[in-house]
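Trainee: Could you put together the complete structure from these sequences and hints?
4 protein chains.
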Amino acid sequence: MAIPTSKRRNKSRPWSARFAEPVDALTQRFTSSLAFDRRLAQQDIAGSLAHARMLAACGVISARDGAAIERGLGKVRAEIASGKFDWSAGDEDVHSAIERRLTELVGEAGKRLHTARSRNDQVATDLRLWLRAEIDAIDGLLAALIAALAVQAARHAAVVMPGFTHLQVAQPVTFGHHLLAWAAMLERDRARLADCRRRVNVLPLGAAALAGTSFPIDRAAVARELGFEAIAENSLDAVSDRDFAIEFAACAALAMMHLSRFAEELILWSNPRFGFVTIPDRFCTGSSIMPQKKNPDVPELVRGKSARVFGHLAGLLALMKGQPLAYNKDNQEDKEPLFDTVDTVKGALEAFAALAAGLKPQPKAMRAAALEGHATATDLADYLVRKGVPFRDAHAAVARAVKAADAAGCDLAALPLNVLKRFSPKIGADARRVLTLEGSVASRAHAGGTAPAQVRAAAKKLLQRARR
Amino acid sequence: MAIPTSKRRNKSRPWSARFAEPVDALTQRFTSSLAFDRRLAQQDIAGSLAHARMLAACGVISARDGAAIERGLGKVRAEIASGKFDWSAGDEDVHSAIERRLTELVGEAGKRLHTARSRNDQVATDLRLWLRAEIDAIDGLLAALIAALAVQAARHAAVVMPGFTHLQVAQPVTFGHHLLAWAAMLERDRARLADCRRRVNVLPLGAAALAGTSFPIDRAAVARELGFEAIAENSLDAVSDRDFAIEFAACAALAMMHLSRFAEELILWSNPRFGFVTIPDRFCTGSSIMPQKKNPDVPELVRGKSARVFGHLAGLLALMKGQPLAYNKDNQEDKEPLFDTVDTVKGALEAFAALAAGLKPQPKAMRAAALEGHATATDLADYLVRKGVPFRDAHAAVARAVKAADAAGCDLAALPLNVLKRFSPKIGADARRVLTLEGSVASRAHAGGTAPAQVRAAAKKLLQRARR
Amino acid sequence: MAIPTSKRRNKSRPWSARFAEPVDALTQRFTSSLAFDRRLAQQDIAGSLAHARMLAACGVISARDGAAIERGLGKVRAEIASGKFDWSAGDEDVHSAIERRLTELVGEAGKRLHTARSRNDQVATDLRLWLRAEIDAIDGLLAALIAALAVQAARHAAVVMPGFTHLQVAQPVTFGHHLLAWAAMLERDRARLADCRRRVNVLPLGAAALAGTSFPIDRAAVARELGFEAIAENSLDAVSDRDFAIEFAACAALAMMHLSRFAEELILWSNPRFGFVTIPDRFCTGSSIMPQKKNPDVPELVRGKSARVFGHLAGLLALMKGQPLAYNKDNQEDKEPLFDTVDTVKGALEAFAALAAGLKPQPKAMRAAALEGHATATDLADYLVRKGVPFRDAHAAVARAVKAADAAGCDLAALPLNVLKRFSPKIGADARRVLTLEGSVASRAHAGGTAPAQVRAAAKKLLQRARR
Amino acid sequence: MAIPTSKRRNKSRPWSARFAEPVDALTQRFTSSLAFDRRLAQQDIAGSLAHARMLAACGVISARDGAAIERGLGKVRAEIASGKFDWSAGDEDVHSAIERRLTELVGEAGKRLHTARSRNDQVATDLRLWLRAEIDAIDGLLAALIAALAVQAARHAAVVMPGFTHLQVAQPVTFGHHLLAWAAMLERDRARLADCRRRVNVLPLGAAALAGTSFPIDRAAVARELGFEAIAENSLDAVSDRDFAIEFAACAALAMMHLSRFAEELILWSNPRFGFVTIPDRFCTGSSIMPQKKNPDVPELVRGKSARVFGHLAGLLALMKGQPLAYNKDNQEDKEPLFDTVDTVKGALEAFAALAAGLKPQPKAMRAAALEGHATATDLADYLVRKGVPFRDAHAAVARAVKAADAAGCDLAALPLNVLKRFSPKIGADARRVLTLEGSVASRAHAGGTAPAQVRAAAKKLLQRARR
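Protein chains in written order, with this note's numbering: chain D, 1 to 468; chain E, 1 to 468; chain F, 1 to 468; chain Z, 1 to 468.
Hints are supplied without guarantee of correctness; some may be wrong.
As the list claims (entries may be wrong) - Straight-line C-alpha distance at most 16 Å; calculated EDC-like pairs for lysine to aspartate or glutamate: (1) E/K461 with D/E233; (2) F/K84 with F/E104; (3) Z/K335 with D/E21; (4) D/K460 with E/E233; (5) F/K387 with Z/D281; (6) Z/K387 with F/E108; (7) Z/K460 with F/E233; (8) E/K403 with D/E21; (9) Z/K387 with Z/D340; (10) F/K461 with Z/D281; (11) E/K335 with F/D340; (12) F/K460 with Z/E372; (13) F/K403 with Z/E21; (14) Z/K403 with E/D139; (15) D/K461 with E/E233; (16) F/K346 with F/D139; (17) Z/K403 with F/E21; (18) D/K335 with Z/D340; (19) E/K387 with D/D281; (20) F/K403 with D/E21; (21) E/K403 with Z/D281; (22) Z/K461 with F/D139; (23) Z/K403 with Z/D430; (24) E/K460 with D/E108; (25) E/K421 with E/E438; (26) D/K387 with E/D281; (27) D/K403 with E/E21; (28) D/K403 with F/E104; (29) F/K335 with E/D340.
Said to hold, decoys possible - Simulated coverage check for chain Z against chain D, where a stretch passes if three residues somewhere in it have a Cβ under 8 Å from a Cβ of chain D: (30) 13 to 23; (31) 109 to 118; (32) 184 to 190; (33) 282 to 294; (34) 327 to 339.
The hints are simulated quantities; they were obtained by calculation from the structure and are not laboratory data.
The beta carbon of each residue, even a glycine, is placed where N, CA and C say it ideally should be.
Mentor: Below, the structure written as structure tokens:
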């Protein structure tokens, strides 16, 4: 992280009048947050505008000063947007930089902006505004990925593949059903983020340094203008609370964990022994030494990036552990992990939405794999149950048949009827149907089951929710 | 963790018929979960009862078998409750143990119970039922602690103490206000747990091993009987999803983080240099070597225990990373951290509820500390603002006065008026009032501010919510 | 975690004389460590014996008292070993329990044992003694697992399998070479543990509570008797240092991470699409619903258990963060994660040593997989380099040949010579040899390479080091 | 993290010949590591130089090609050093960028450089070279900080302050002794890093992609030239091993944990209630709202930054969990956390070295605090032991005296002799001396104890080791 060398020292700090010596250059570099909190500049200006309007409305500053601040902040915003803002002036943080520039532009009115607030409540407000918007963006990306999965699922609702538990062949499932399992995880992520958003969307401003302010402020007006749903009810808590960042990081960690599982399967399925899906070349990279390689880099990176977000969550919790009230400088360390978490989640979701739409299932390879591993053994046991055999006995009978099939080097479904009958006299010719892959998947026709009709219905519902 | 030595080998396993050799003794010990999943016995029985009733209602088993199962499970439940159940029979897990005993008690009907389900959906159901109840218990403990804090806050709403930022004296606050900051954190914990509970309260049963079942089941009926709000919509996801455990662990980690901050301050305040509160002897312990010691063990342990819960959260996320669908044995590792998280949170909340009610503030020590550190400097700056000085200039003027007070070895509020005037001619005799501790706290009279009236109103609201 | 209900209250605590009220029952339960620190009983006695002998030798206690203590501790040791010790007497921790019993047995001499020490230095000593022995045990288990791998590697040094990068076929390797990769990881674990052991093996005793003691003690004598290599050089540090536990947890986390990778591959290879190895039935378990299942539970659990140890490490670091000197009660939370880490690592290593010895490679399946994925493409590029083509151009030429093979639906090695020549005129008949699996592995004949001779030599070296 | 927009697409990738479509722009951005691995450029060149020299020496490339490569790499190095290198050409990573530029500069010889190696062994080599140098730099910073502490400790070896356990007054210690406790922690960090360095300093080159190479290479020569102590013994392991990064991160986490404890105490001691040390203004910052504030930002930030490093460690472990051999793209995620860990540790150590040298103890405030809390109670108990009272009885007698002193509102040491005698008739006039702070610290005169002479001797030893 490059830390800008400041051009000036703390003579110009907004708090320097009581200090006997200027801040040490190393300390200045070490404590400055400008290199990363610049990212909050637009939110900082939006918050200041709302604050200034309220101060003017409440008579804490004059209407004229209010207008000057508004004009000045508009200019600062434009300077930042156009890249003309001077970030190298040695300011301590984004708040100081903007206030400094505002005062250069509008004079004394600029010095009145910080009335009735502190950087403690200001930065919490900025961060919440920023995170709220990012949550909305992530929600959109989640919806897009879910939609891509649902579209693919509907298309391939009847493609049969082996379902695994313990990575051993368990029962046949449909490819569509499997895709919707990933979508189901992502739907929970959306729900969690929506809950988190409500707790992010609370106004700290008005808490000032920690105790509130002696000016007659109108916090409700500021909340309304900035779109906050509620006002932080305790000023000491408001300036020191970083729950919203940690809760978001936990939501992000879960989402990345889901993507890591999705990724793991794409990687497995791309291996030639599986060959269940083809990832288009445009999402792969090669090797500098091995001419034949086509590597599933995108899912591998996403799997890897999940760990990074887990680390940020662990770090943020440790950061807040045991901090006495109210604000401590430790809290400055909340931003970089939060920013990186947002960037990582967004990047991974974007990459996977493109990938998901481009995935090409290979039904032949899937079918071949499903025909190996006695995938319909449970169906035969269920068949026996329907003939009156207690499940536990049916299970044992079929297990013995499986052992025989293994010894014969074939799949259970390939054993001749007369051999099967040896394991239970109740096995009739109609058992053949339940031993087929299609019979197996079609029979799981209840809500949540793998039957093609269920998958189509579920995909439709998901798509509607994703596009809402 | 003591692992019971099993008396028998896998001849009796519910799945052993296809195996060529018995399970190795070490493997059996290594893979058994009975030592810890016994804790789910009552939930396992409740789930089995609902499952059996549904099977009978749907005609999958006979009414007579249904009745036998119901009778048998009733007996098993009683045996477990009375401590007569034989846990040492070498069963693999709680599900197998109960099914084994049921079959001993009711014969063939017992072998029919496992129709249309798998341990994969069964354990997920058990765990969700268990966690739902524990969330309710934790919510009650949170409410009790909030209530204890609110009662104390109302009682001590006007006791003035120094508010700190960076552990430096910042501004005067009231002790009640500080207590309510902790309560505000805990209120968020309750809200988060309520959101989490909705995602816990979803029925996995019916997913069977991973693909659903070929029997005509009625999942809605099972959900109704067990009080689940929704049905897991994808069977592959249903058996492999542990989001609910991780989301809960994240909620628990945040709650413990809050308690760690609360604890940190109790420890600080118990130090003789602060002496802000007295922790009754009954919550303290002594030293084996130092005869004078009275140590705040309870808050220290709670602070320490927060780390343990952070660790469990980190572990659970890493556990699920990159797992292919559907169920893998790795998931068995979800239980011990989850159980320990619940126990730790409950223990800490119970301990703190008692402690919070017993805390005795020491207003004199608080006042002495608040009179040191120029706590009302901001009030003087605000005073100047009200006299027309831009805040930034007012800040600088007061900073210079503080420097002078430091040089004189006294607090800002103790500087004579004529000295103060040197830093701004606008300082008049009426400045004296804003420099008092009482004037300062009383002036922060908006929502969320530290003024005694605000604190009383906030405490009342909190108490109502806590007792709802 | 069952916390024993105590029979008595703190009237009997070794520190209760200054307390105005007895310890609250909940607090007593909450703060007691006896349920888990009992595990240190033998180490506690060993430490006390060495301490008492030194006190007597230095004249701090009389020879007679020393002898009484020695006799008494011998009895206590025997009572504990035989299960007759009364752990339910409500003692606070293992140290108090043993001192209490000692005093019951030998009277006044028992009350002299705690001269010149504190539980702070005592528990640190106990924990170090215990961990030192466990490190030695783990080292032995690591050596055994390495030996099992080396034996298998030597046996299967020439069995060819596909080596993967990005889980795509990369180049042929030998099974023996792959086994030795795991062994190489475990060798680093041994080296790390040996380094860690030196830092564990340092004596805290003599630090007393935190400042040292006013008695004329001989710390070197105690260190000698207990086999410590060094004496903690600063008493404040000695009682609050838990680096040794954290460093050990980091070593354990790395070892478990290695086993998780090993486990992942066993799981992959057990999948029927791979079928590279057979895990004997005795290490597998089945399914309660699917009669055909044989699941690789042991590697799955080991993979899962790695996460648990990662969690403990994260928790221990967070535990120590920001603790002021010297001992704080938080430190009591070091034991359970440390104990569980040791148990988990030992269990996983034992399980894997048995498994590793029982693994059966399936050379046919390995070979079939190696013949798919153009595994020898690099060999052809290297061939061209030897004919004078720059590597980068050789790489490109072979890549085009691979593309053609893909289009033709065959492996690169199966393309006829005349087709191969199209991509580079330098390809001659002798290229055929480098395209074979055997030619490829044999050619990597330098130190660390996959050639069978290299593997055999490496296995021999490893075996010697493991058996040293 | 700004991701450079590439100017060109994978037509120019070193592996693109077999791909049917160019890499998707988003994928290219998502998978590129150039934005951060540029940092390894000098190590990459050093490694390539050694590799090229060895290839020429072994006859794998011609002497002329070797010379051309050497010349070319020299130019590339200069371009990078002078900032003239074009990083925006859309290269995939630092290795490709440098090889591309080399080939532009020297033509065909450049295309021969990648003979007998892969980016897999190349990046591992680069990273190890880089980390080795950083470890040396960190070791130097640790030594400097230890030296600063030792100098201060020697200077203030006899300044008495209260030692705390449980943040309650425990026993008097000397300020020098306390400073040396921090130094003792940092000495362990140096020892750990030295051990870690040996495992970092192992050469992966020669492993090529994963299996070794078919060229007659001389790995020992490369190791010698690059200063590696050993050669990685297994090629599969060599390219996938990231233990060295994780072990380093664990060392760094421990070091940061130590600094967090150091920081915590500086923050506590800067609080006006303690006032034990003064942190010069130049290391502090102020408040935007509160004119009187002087905040200990540097220690607060260091305390916070420890959490960030803990998070990186947790992330790196999770990253490697369950990865099958050999190299996977996930590993690319090792760099950013490793780089940030190094930067964070170095920044914190630099900041603390300056701070430690500037700390000013306030003996008066320390003394006042030590006179409160019955700090010499243990000394009185020890006194009674010397008069023949068993320690446990002496402890109880003094505890009762403490209770009486509390009731009288004074410190134990202030109780008149006749009152003291009530608690034990053995207390004589000579007890007065052991109750003084000076008597107490002087009496702890053994190795590791707090007596001024011991502190001076320990400081001297530390200083010698730090300056070695």
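Trainee: Now tell me if each hint is right for this structure.
Mentor: Status of the hints after comparison with the structure:
| no. | hint | result |
| --- | --- | --- |
| 1 | E/K461 with D/E233 | holds, 11 Å |
| 2 | F/K84 with F/E104 | holds, 15 Å |
| 3 | Z/K335 with D/E21 | violated, 39 Å |
| 4 | D/K460 with E/E233 | holds, 13 Å |
| 5 | F/K387 with Z/D281 | violated, 71 Å |
| 6 | Z/K387 with F/E108 | holds, 15 Å |
| 7 | Z/K460 with F/E233 | holds, 13 Å |
| 8 | E/K403 with D/E21 | holds, 12 Å |
| 9 | Z/K387 with Z/D340 | violated, 59 Å |
| 10 | F/K461 with Z/D281 | violated, 61 Å |
| 11 | E/K335 with F/D340 | holds, 14 Å |
| 12 | F/K460 with Z/E372 | violated, 67 Å |
| 13 | F/K403 with Z/E21 | holds, 12 Å |
| 14 | Z/K403 with E/D139 | violated, 40 Å |
| 15 | D/K461 with E/E233 | holds, 11 Å |
| 16 | F/K346 with F/D139 | holds, 10 Å |
| 17 | Z/K403 with F/E21 | holds, 12 Å |
| 18 | D/K335 with Z/D340 | holds, 14 Å |
| 19 | E/K387 with D/D281 | violated, 71 Å |
| 20 | F/K403 with D/E21 | violated, 70 Å |
| 21 | E/K403 with Z/D281 | holds, 12 Å |
| 22 | Z/K461 with F/D139 | violated, 34 Å |
| 23 | Z/K403 with Z/D430 | violated, 22 Å |
| 24 | E/K460 with D/E108 | violated, 43 Å |
| 25 | E/K421 with E/E438 | violated, 22 Å |
| 26 | D/K387 with E/D281 | violated, 71 Å |
| 27 | D/K403 with E/E21 | holds, 12 Å |
| 28 | D/K403 with F/E104 | violated, 64 Å |
| 29 | F/K335 with E/D340 | holds, 14 Å |
| 30 | 13 to 23 | holds (count 11) |
| 31 | 109 to 118 | holds (count 3) |
| 32 | 184 to 190 | violated (count 0) |
| 33 | 282 to 294 | holds (count 13) |
| 34 | 327 to 339 | holds (count 8) |
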